[in-house]
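Model the full structure from these sequences, guided by the hints.
For the first sequence, the UniProt record's numbering gives the first residue as 1, with consecutive numbering after it.
Simulated from the structure, these hints should not be mistaken for lab results. None of these values were measured; they are calculated from a predicted model. You may find that some hints are simply not true.
Heads up, simulated DSBU-like pairs for lysine-lysine below, C-alpha to C-alpha not over 30 Å straight-line [said to hold, decoys possible]:
| # | residue 1 | residue 2 |
| --- | --- | --- |
| 1 | 65 | 102 |
| 2 | 38 | 97 |
| 3 | 38 | 65 |
| 4 | 38 | 106 |
| 5 | 65 | 106 |
| 6 | 65 | 97 |
| 7 | 102 | 38 |
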Amino acid sequence: MTKEATSYDRIYEIVRQIPRGYVATYGQIAELANLARKARVVGYALYRVDMQSLDVPWQRVVNAKGEISLSPLRFGTDYLQRSLLEAEGIIFSPTGKIDLRKYLWKPDLGWAVTSADHHNIK
DNA sequence: GTGTTGACGTTCC
DNA sequence: CGGAACGCCAACA
1 MTKEATSYDR
11 IYEIVRQIPR
21 GYVATYGQIA
31 ELANLARKAR
41 VVGYALYRVD
51 MQSLDVPWQR
61 VVNAKGEISL
71 SPLRFGTDYL
81 QRSLLEAEGI
91 IFSPTGKIDL
101 RKYLWKPDLG
111 WAVTSADHHN
121 IK
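As structure tokens, then:
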């Protein structure tokens with residue numbers, strides 16, 4: 001029996017599907033990766049990704065607040081991520097947030113409506 | 001094998 | 001809207 005692909009591979013695959021100019025949240029990816037409620041695992045998975053080679057567009061992954069999250073240990077790569085997103089046409093709010101209502105990636109399903117209603121963005 | 005930490009999320013105040 | 005607490009799972013010491 002083949003060893004099942006690790007959940008991480010699933011996460012990377014989904015992240016790669018994020019189109020240019022759009023962003024996705026950890027919770028959203030987690031849900032698509034069959035890891036609902038395990039957003040932390042997604043974050044850890046992206047942490048393992050080689051951000052220097054951009055093998056995975058980790059740049060398009062943000063938290064539920066629509067803000068770029070990363071650890072101070074990442075040495076200010078937050079600035080890099082923001083630059084990449086801006087280069088894709090994403091506009092940051094004065095507070096440094098992204099308008100998820102507009103840039104949130106919608107998988108090829110009708111779940112988009114459910115998502116908006118589920119998250120109930122303020 | 002146990003304890004702590006972590007690119008998060010949600011709920012409560 | 002901001003801060004605090006709990007949850008959830010995997011990797012690391």
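We went through each hint and held it up to the structure:
1. 65 / 102: Holds, because 13 Å separates the two Cα atoms, which is no more than 30 Å.
2. 38 / 97: Holds, at roughly 23 Å.
3. 38 / 65: holds, 17 Å
4. 38 / 106: holds, 20 Å
5. 65 / 106: It holds: about 17 Å lies between the C-alpha atoms, which stays within 30 Å.
6. 65 / 97: The hint holds at about 8 Å.
7. 102 / 38: holds, 25 Å
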